[in-house]
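Can you build the whole structure from these sequences, using the hints too?
Chains as they are written, first to last, in numbering that gives the first Met the number 0: chain A, 0 to 321; chain B, 0 to 288; chain C, 0 to 264.
No wet-lab data here; the hints were simulated from the structure. Be aware that one or more of the hints could be misleading.
So these bits of chain A aren't anywhere near chain B, every CB distance computed over 10 Å [unchecked claim]:
(1) Ile160
(2) Ala258
(3) His272
In silico contact screen, one side only, chain A against chain B (beta carbon under 8 Å); selected entries [claimed, not checked]:
(4) Arg82
(5) Asp151
(6) Leu152
(7) Glu156
(8) Gly163
(9) Gln180
(10) Gln183
(11) Leu184
(12) Ala188
(13) Val246
(14) Gln249
(15) Asn259
(16) Ile290
(17) Leu294
(18) Tyr304
(19) Asp308
Idealized CB from N, CA, C, for every residue including glycine.
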Amino acid sequence: MLQPEGPAPSLDEAAAKLAEAQAILQSSTASLPLVCLGDAIDLGADAEGGVMKGHGTMMAGEAQLQATVCGLVERVNKLVSVRALKGRYTAQVGDVVVGRVTEVAQKRWKMDVNGKQDAALLLASVNLPGGVQRRRTNVDELNMRELYQENDLISAEVQQINQGDGAVALHTRSAKYGKLQGGQLVTVAPYLIKRLKQHFVALAAPLDVGIILGCNGYVWIGSKDLVDAGGRDEDEGMEAAGPSGQVDLQLRERMCRVANAVRALAALGLPVHPPAIVEVCNLSGLLRVEIKDMLGPEFLAQVAYREADRRQAEGDAQPMDH
Amino acid sequence: MPGLSAAELSFLEGGIAQDLRNDGRGREDFRSFSIQLDVISQASGSARVRLGATDILASIKAELGSPPAEFPHLGRLELAVEISPTAGPEFEGRGGEELSAELGKALERSFAGGANGTGAAVDLAALSVVEGKTCWVLYADVLVLNADGNILDASAIGIKAALSNTRIPKVEVLAGEGDEEGELELNDDPDECARVSTAAVPLIVTLTKVGRHYIADATGDEEAQMSSALSVAVNEKGQLCGVTKRGSAGIDPSVISDMLSVARRIGKRLLAKVDAEISLAESRLESET
Amino acid sequence: MSARGAPSYSPYSGIEERVMQEDGAGPASRSVLGADSRRQDGRLPEECRPAFLQVGTVSRAAGSAYAEFASTKVLVAVYGPRESRKAAAYSDTSRLTCDVKLAAFATKSRGKYGQGTAERELSDLLHKALVSAVRLDTFPKASVDVFALVLESGGADLAVVVTAASLALADAGIEMLDMVAATSLSLVGGHLLVDPAASEERAQDGNVLVALMPARNEVTQMHLAGAWPDTHAAQAIELCLDGCHKLDGEMRACLREHAATANGS
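Below you can see the structure in the form of structure tokens.
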């Protein structure tokens, strides 16, 4: 009766093509170390030396590790965990995230970062206007809303994670972090964002926009200025947008194209990273696809085919590496 | 849907003013949509519509009932919308009820026609079985599975599609004996069923006012920023068959008349698209069976 | 339609479905099993209906699943874990909330959406079946909402709801001790009919439902009602447990297949 969620098909060849392309993508995935809920995890040689159980696992009897989610087994030294494909964002110290203020509380802001709980941004962990390092006063506390208010989007970094309950603390103690303006947010599943060296990326001309790939799946598309590490001053309130959100039409078009490229990748379950985004934008230009049609089944099929071809070429060249 | 920041709202409004919304659409563009027919086997007719991420099921159940007291020669068309909590936790309990009621009323207004049944979405007189006593009641139920804005327009598309898929059993009134009333004999044979003509079924175009402009087919984020909206039902003849104002802000009358003509124009385009999609869905259905 | 050719998880396969006669006649008017000892829809008494399972059907939800067992169709969406906004100071188990609703078109004659007591009971039973499997300790101070929708009520509704809900939770990446599979059975005229259709349930003298964590072999929920002669009850439970184990295989296959398509490498 109901078909799986995905780009809405119409009877056309487009839908048939898309289905075909996705089937190719699916089959091109070499056998991955997938485990299902309740499966025993093969510890192999490690069973002797003992392992640390990470996220997604639990002990089942002695020396027997069991998966508590469906996903890929990951081993980092002695830490064995299972990465669920979907699921909430699991923070790591140093992650760049984009968060939304849900509450202005005493001496801190509570932030939605797409995790199991809200994260905290302490008043002590932000850059105050003027860039001066000083003690926070009562006035600061009362004026918290001057800095960030409810629903504001902020780029930040994960400072620490509480061992006990996993509560996350953020900081914006660097010029490049802070309130986001003059752009739009696209939300994708966290597993599609890989941890890279750089999460603030300036896409080169002709795209010429800046993006922030939040590890938590919140992706911000804005002007290139936000990537410029040197010049941000909270006081000025970034005006990449002029008053009343005026953004140059050309820039807006480029931002929309990039945003739709991100949405297209997410719709197909493909990793969202700068080279992929640029490729999708280029493809849309090549095929003369209008920005608004980038989310239609025809273009998505093309993107899927490209990716399937790329994988085949890669797979022929070398084994998949995880 | 979470609230947007002042900056995002400003960016959104800016885009609408420049006729380039966040997903690249112009102000009058609808998202691409798909229609599947006959998705609920035990209904007399059904359809599933996906408009962007908004996902709805429309079912038509034909049951025998009594005709309206004032118009004993007519049948009935009853409409209801339910937003399932699967669409989002904000629709659990009370949250969904209010919106469901509002949308149900808007649908009724658009599909009911005049009090005496003229201009109704379907031929109500054709639904009569025994005048004054028995008639077909078409229960149209819309169930919202996933919400990303513009549930009302998607529902109207769904009902039109579901009606095109509807089969009403043939009823024979057997002669009664003497003063007794005749019994009703139902013929369930699919080949003998009556179809419902959907030529007069309107579509609804909801224009959402954001700042000084208005947009068609708003997404969840865009809807959350609306000051007011006008839902306009347009039929094949280009006639207006229902207008519902939504939202709490007032609208200037000249703006309203402009919105009505814009809605008419968009409605015409949309009707052509929907008819095409329904035909596609029908041929797909045929090739499956 | 799409469910045709769905894998059967019973010992017998390739059975054609005969059209069910839903004329509402009373139980005494026809014998439960035909001359060939088959049920109205052609199944043998210990045979389950083919299970069509799918995950990821609702995009906005953290996880979702759709299950179709012949004419029983269920959709489940899971939201969370999210910060508990309400004072979740009650019991720890209240951080998992379950809500079951029947669509207005779910039953043959149109019912009103939100059918009250029946739904509250189903919600409660669903909660009991799932709560021992969900690892609440992995999301302190957060809650998970499970919303189930019965799109068509064709018999054994609760069992299908539990199964689909378990898939939706797995799809959402919520840590669990194990999957939960559920099977029910109706006692009709002395016969044990596994995975009953609606007409068989209407005629039942008793019924049993078992929800099981198959890999751990632990029962999370069980209830039995009606008058059961002799060893029938024990046999019935055995049949249900077997059904659950077989259903588990189908559930895992479904999740694996879905994981293979989500290929982010």
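Tell me if leucine 294 of chain A is really an interface residue toward chain B, meaning its C-beta lies closer than 8 Å to one of theirs. Interface hint status for leucine 294 of chain A: holds (7 Å vs cutoff 8 Å).
Can glutamine 183 of chain A be said to touch chain B, with a Cβ gap under 8 Å? holds (5 Å)
For the restraint on tyrosine 304 of chain A, tell me whether the closest CB of chain B is nearer than 8 Å. violated (19 Å)
Less than 8 Å between beta-carbons is the criterion; does aspartate 151 of chain A satisfy it with respect to chain B? Since chain B brings a Cβ to about 5 Å from aspartate 151 of chain A, closer than 8 Å, the hint holds.
Answer holds if the nearest beta-carbon of chain B is closer than 8 Å to that of isoleucine 290 of chain A; otherwise answer violated. Check passed: Cβ of isoleucine 290 of chain A comes within 3 Å of chain B, closer than 8 Å.
Min Cβ distance, aspartate 308 of chain A to chain B: is it shorter than 8 Å? Check failed: Cβ of aspartate 308 of chain A comes no nearer than 25 Å to chain B, outside 8 Å.
Measuring from the C-beta of asparagine 259 of chain A to each C-beta in chain B, is the shortest one below 8 Å? holds (6 Å)
Does isoleucine 160 of chain A clear chain B by more than 10 Å, comparing its Cβ with all Cβ atoms of that chain? Given a closest Cβ separation of 23 Å, the condition holds.
Chain B versus histidine 272 of chain A - minimum CB to CB distance exceeding 10 Å, so not interface: holds (21 Å)
Agreement of hint glycine 163 of chain A with chain B interface, Cβ distance less than 8 Å: Violated, about 27 Å.
Interface hint compliance - alanine 188 of chain A to chain B, C-beta minimum distance less than 8 Å: It is violated, given that the least Cβ distance between alanine 188 of chain A and chain B is near 14 Å, above 8 Å.
Agreement of hint glutamate 156 of chain A with chain B interface, Cβ distance less than 8 Å: For glutamate 156 of chain A, the interface hint is violated, since the closest Cβ of chain B sits about 19 Å away, which is over 8 Å.
Hint check: violations occur at hints 2, 4, 7, 8, 12, 14, 18, 19; the rest are consistent with the structure.
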